[in-house]
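Enquirer: The chain contents come next:
2 protein chains.
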Amino acid sequence: MGETFTSSDASRSARPLKHAQRAVFREPLELELGGTLPEVEVVYETYGALNAAGDNAVLICHALSGDSHVARHEAGDDPGWWDIAVGAGKAIDTEKYFVICSNALGGCRGTTGPNSANPATGRPYGADFPPVTTGDLVETQRRLVDHLGIRALRAVVGGSMGGHQALAWATRHPERVRKTVALATSPRLTTQALAFDVIGRNAILRDPNFRGGQYYGGPAPGVGLALARMLGHITYLSPQAMKEKFEADRLTPRDVPTEFEKRFSVGSYLAYQGDKFVERFDANSYVTLSLAMDLFDLGATPAELAETLRRATCEWLVVSFSSDWLFPPEQSREIVSALLDLGKPVSYCNVQSSCGHDAFLLADELDAYGALISAFLGRNGAQGEAPPNDDVYAGDAASIFHSRRLDYDRIVDLIPPEASVLDLGCGQGGLLARLKARGNGRLVGVELDQDAVIAAARRGLDVVQADLNSGLIPFGDQQFDYVILSHTLQAVKDVERLMADMLRVGKRCVLSFPNFAYHKLRRMLAVDGRAPESPGILRFKWYNSPNIRFFTIADFEEFCREREVRVHQRIFLDLEEGKEVARDPNLLADMAIFVVSR
Amino acid sequence: MGETFTSSDASRSARPLKHAQRAVFREPLELELGGTLPEVEVVYETYGALNAAGDNAVLICHALSGDSHVARHEAGDDPGWWDIAVGAGKAIDTEKYFVICSNALGGCRGTTGPNSANPATGRPYGADFPPVTTGDLVETQRRLVDHLGIRALRAVVGGSMGGHQALAWATRHPERVRKTVALATSPRLTTQALAFDVIGRNAILRDPNFRGGQYYGGPAPGVGLALARMLGHITYLSPQAMKEKFEADRLTPRDVPTEFEKRFSVGSYLAYQGDKFVERFDANSYVTLSLAMDLFDLGATPAELAETLRRATCEWLVVSFSSDWLFPPEQSREIVSALLDLGKPVSYCNVQSSCGHDAFLLADELDAYGALISAFLGRNGAQGEAPPNDDVYAGDAASIFHSRRLDYDRIVDLIPPEASVLDLGCGQGGLLARLKARGNGRLVGVELDQDAVIAAARRGLDVVQADLNSGLIPFGDQQFDYVILSHTLQAVKDVERLMADMLRVGKRCVLSFPNFAYHKLRRMLAVDGRAPESPGILRFKWYNSPNIRFFTIADFEEFCREREVRVHQRIFLDLEEGKEVARDPNLLADMAIFVVSR
Chain A
628 MGETFTSSDA
638 SRSARPLKHA
648 QRAVFREPLE
658 LELGGTLPEV
668 EVVYETYGAL
678 NAAGDNAVLI
688 CHALSGDSHV
698 ARHEAGDDPG
708 WWDIAVGAGK
718 AIDTEKYFVI
728 CSNALGGCRG
738 TTGPNSANPA
748 TGRPYGADFP
758 PVTTGDLVET
768 QRRLVDHLGI
778 RALRAVVGGS
788 MGGHQALAWA
798 TRHPERVRKT
808 VALATSPRLT
818 TQALAFDVIG
828 RNAILRDPNF
838 RGGQYYGGPA
848 PGVGLALARM
858 LGHITYLSPQ
868 AMKEKFEADR
878 LTPRDVPTEF
888 EKRFSVGSYL
898 AYQGDKFVER
908 FDANSYVTLS
918 LAMDLFDLGA
928 TPAELAETLR
938 RATCEWLVVS
948 FSSDWLFPPE
958 QSREIVSALL
968 DLGKPVSYCN
978 VQSSCGHDAF
988 LLADELDAYG
998 ALISAFLGRN
1008 GAQGEAPPND
1018 DVYAGDAASI
1028 FHSRRLDYDR
1038 IVDLIPPEAS
1048 VLDLGCGQGG
1058 LLARLKARGN
1068 GRLVGVELDQ
1078 DAVIAAARRG
1088 LDVVQADLNS
1098 GLIPFGDQQF
1108 DYVILSHTLQ
1118 AVKDVERLMA
1128 DMLRVGKRCV
1138 LSFPNFAYHK
1148 LRRMLAVDGR
1158 APESPGILRF
1168 KWYNSPNIRF
1178 FTIADFEEFC
1188 REREVRVHQR
1198 IFLDLEEGKE
1208 VARDPNLLAD
1218 MAIFVVSR
Chain B
628 MGETFTSSDA
638 SRSARPLKHA
648 QRAVFREPLE
658 LELGGTLPEV
668 EVVYETYGAL
678 NAAGDNAVLI
688 CHALSGDSHV
698 ARHEAGDDPG
708 WWDIAVGAGK
718 AIDTEKYFVI
728 CSNALGGCRG
738 TTGPNSANPA
748 TGRPYGADFP
758 PVTTGDLVET
768 QRRLVDHLGI
778 RALRAVVGGS
788 MGGHQALAWA
798 TRHPERVRKT
808 VALATSPRLT
818 TQALAFDVIG
828 RNAILRDPNF
838 RGGQYYGGPA
848 PGVGLALARM
858 LGHITYLSPQ
868 AMKEKFEADR
878 LTPRDVPTEF
888 EKRFSVGSYL
898 AYQGDKFVER
908 FDANSYVTLS
918 LAMDLFDLGA
928 TPAELAETLR
938 RATCEWLVVS
948 FSSDWLFPPE
958 QSREIVSALL
968 DLGKPVSYCN
978 VQSSCGHDAF
988 LLADELDAYG
998 ALISAFLGRN
1008 GAQGEAPPND
1018 DVYAGDAASI
1028 FHSRRLDYDR
1038 IVDLIPPEAS
1048 VLDLGCGQGG
1058 LLARLKARGN
1068 GRLVGVELDQ
1078 DAVIAAARRG
1088 LDVVQADLNS
1098 GLIPFGDQQF
1108 DYVILSHTLQ
1118 AVKDVERLMA
1128 DMLRVGKRCV
1138 LSFPNFAYHK
1148 LRRMLAVDGR
1158 APESPGILRF
1168 KWYNSPNIRF
1178 FTIADFEEFC
1188 REREVRVHQR
1198 IFLDLEEGKE
1208 VARDPNLLAD
1218 MAIFVVSR
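Chains A and B are the protein sequences, given in the same order.
When you line the first sequence up against my numbering, it's residues 628 to 1225, in that order.
When you line the second sequence up against my numbering, it's residues 628 to 1225, in that order.
None of these hints come from the bench; they were simulated from the model.
What you are looking at is a predicted structure, and each value in this text was computed from that prediction instead of being measured.
Any given hint could be a false lead.
Identical chains share a label here; the pair holds if one copy fits it or two copies do between them.
Cross-link-like lysine to any residue pairs, in silico, SDA-like; alpha carbons within 25 Å at most [unchecked claim]:
1) LYS889 x THR935
2) LYS889 x THR817
3) LYS1147 x GLY926
4) LYS889 x THR879
5) LYS1120 x ASP1104
6) LYS872 x ARG960
Just chain A, same shape as in the assembly (with noise of 0.2 Å):
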């Protein structure tokens, strides 16, 4: 029966951290919220070693019910809530980087909490530990990274309320985080979140057991964690995730030592969760650390959070899961456009998933969100490394033209050095990798599909994953060289928006299409009688093309002129004989490219 019930984060009884190390910090911490801790002593686990620049340390943040203990330090070792993710090899490697975990102010596992001595009294705070904010848990974890004699994290890395703690230290400390990984996280909670919590905490509080925090010795208030764990559990599984656990055998609950109502099978998996979390975690910190992540705000407004972010100066990797529903990938977007509109360096994916909120712990899509942190912790400088010359059209859907060269190369020849560039359906960044060895300036692709974003991130890009026939490009006014849209405007819905948005945020915009009127296409309509279609221009038949808008050079001329869009340079090719067209363009360019500007 354990086995079904296992969840990452809830495996572990609470045995001993027996790779734990100390730091007592003597001096007084000033709570943001008012209130004094006058000492503060830090569990925290380290792995792999600080090079003899100090510039490989990585600090990684747990979520609400996490530990220091992230991964196991040797075989046999207790696995670790993150162990997945974090060791020799893996996506956070230990052989490259030294890797450091504390335990949350305010948690139960060794550092300062509601459990701990208070110094005053010399028995446990309980409900005397004052309110700690996300800002203090940071406080107390710079207060570590100094003991340890790093003076710049590499990066800081977290998911979920380890998340609010990344972001934390990215604006708070902006001179200290070189690198910034946000998972499953956001600016603040959701209303509907904040209002879980609420309730976890009314249960916990209102337990007659709760005695006002003062229970040590007595009878701890276990209904109330296990109710507000139980709901926990509800919020870190995707719908679909519960349906696929518990629907076939819906009336057959686990045979559960519970005193809980058993009688469906997700009622036995709540009470298994439930019951498991009193044995380990204290109920003053589930109060005490909810209520810091419910107070996390990075701004109410996208305004407030730019403000908030303005101040930051790493690089940012962004990384939602598409069924999270209690940090939904929309909060992701909110930090990745007030990014971009800042004209912060940021990456960003919203990774499929059916696992909910609780894929960033898990292994189901570790093969995504771990290529994307491990390609972003590895290159080095806003655009990381050139990749060789000789792959730039690799992987490309585009590549199995020959003749795209052609495309390509006049489009990298219209892009004077130095300047930046978005990209837009980028796919797996072919041309900005072009550009980059070029030694261009800020280089940003935007694509829609994950294995393209996956594969462009690998190449040290800079890549935000985004649906152009959706919403608006979150870039500010003018705030790229140029823009491109290659070989893209004629499968996009929304024709006058996205050019509209092209025209504000570039300074130039460079669009290759393919030319309806070509002297081929016309002729098939013309003379056969048949929808144009050929191969290499508009290589689909008509009922299953992905290309929804056909127009020639002469309709995008109109377009252009109607719009009061200036035009800059045109440049007419013939692909299929690989040339430049000089006279008559309409009739005889299979492909245009246009540079503009509003």
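With chain A fixed as given, assemble chain B onto it according to the hints.
Expert: Relative to chain A, chain B alone:
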């Protein structure tokens, strides 16, 4: 403060039900899960009058926390939980219908439940009240309906748990139900919804005041019941509705008198709702009725669901709400799919709403669901009444072409009288209304646009809201004599899937589409070098057209040939000239009509 927090089902304290009537049934009620109630008392209210034929009775079934007081009986009366929908001239018109609403078995507002006196002891049943099922609730209502001398109900109407009762009525007493209105409901709860209920019951049952359910006379398990209610309230609201209510003043709670946490605005709301609920509802009833809901199960698989629904002989109206995540629209579509596959008469609309599950109780979307209910209750016979003949083009977007009449006329001519017809993309039902006026067999429309669905429903047509561009059409093989796709194929993304589906469902399929090789269009591309466009045929610009597939009569012929689709008839029209085309249609026709089959 009260204003903000008043929600439709929690606004009343447990005042006496002034207009309640009582019926006592002295035969023992054998319960489905075993156990017997020696007698059953039912509290109910009625509105309007039973007509001479006795065929205008509408039974309304309440949800978990409702009661018999569905609407006010006179000015100044307590409004009731669905006063917006029930009354003179309202969606459920008490001037036309004899409306009955009874308190559910197991409830706490007068009908036999855990707080009723156990005849065996003279004291409240408490924990001795046996578990009841939705079937038991319906059996109790059946006794009441008998008692009122009603042979067949014109309709059973219910939302949420009330929808479960309506579904149970339709499948258990098919001979006594003419119409079923199932709002915001499901064949059985999602695992997620079930899990929330389990936690709610755990909170109640583990409240020290619960004392095995024998708490009458002492303090009630108010903390547990309040926690369950708080949890319920989160699930009744959409995340968006919660955001709209509580984001702006997140940290400014209302000053409600409560012992629960009120640090956050949403917390004070939950505390208020929880406390209020304890004043008016009995914890044992909550446990009893939520368990009845959790055990309701029309079938875990599509096959099992179909087996249950097969028994029903009524007409169906199924309505879901787009932001309802407790009874998600997908579950309503499971019911609709099963009914369609079985060939049962059903209309379905997924009403756009940001209100979540509560939407079916609120005024926000009453214009939509009220109109659907009113039209559905009002029509007579499976296809309602024929509208006046001059009305058939009214409101259809297509009617802006005067020439569309020719198109329609020819399609109507192709359909034999008595044939059953499925019209895909039926708009406001103009074509179906013409067929109905002529006296066809079963007529069903599929349409995406909500307003069009409502307009078609007002015409007395069965219309199912669905997107032809997503998912399969849930109709059985060869279920219709004719499937029509009029003037829509050019806007379909997955042409091959839709065509395959049409050919599966229809013995014959009629498709009309614009011919892209019409001579004027050819000339535009060939001579002018411009994307073809034409008022009345391709009346949009290349960049904003809903049309995304451009093909010719020759292309379509080839498509059919390659897939061994049999072409039975071809009609070619020149709509501009208002005439049929006899020779060289791929050049001279701007519109084609094909009759095809597998």
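Enquirer: So, for every hint listed, does it hold in this structure?
Expert: For each hint, the structure was consulted:
no. : hint              : result
1   : LYS889 x THR935   : neither (47 Å within a copy, 27 Å between copies)
2   : LYS889 x THR817   : between (31 Å within a copy, 17 Å between copies)
3   : LYS1147 x GLY926  : neither (56 Å within a copy, 58 Å between copies)
4   : LYS889 x THR879   : within (9 Å within a copy, 39 Å between copies)
5   : LYS1120 x ASP1104 : within (23 Å within a copy, 34 Å between copies)
6   : LYS872 x ARG960   : between (29 Å within a copy, 22 Å between copies)
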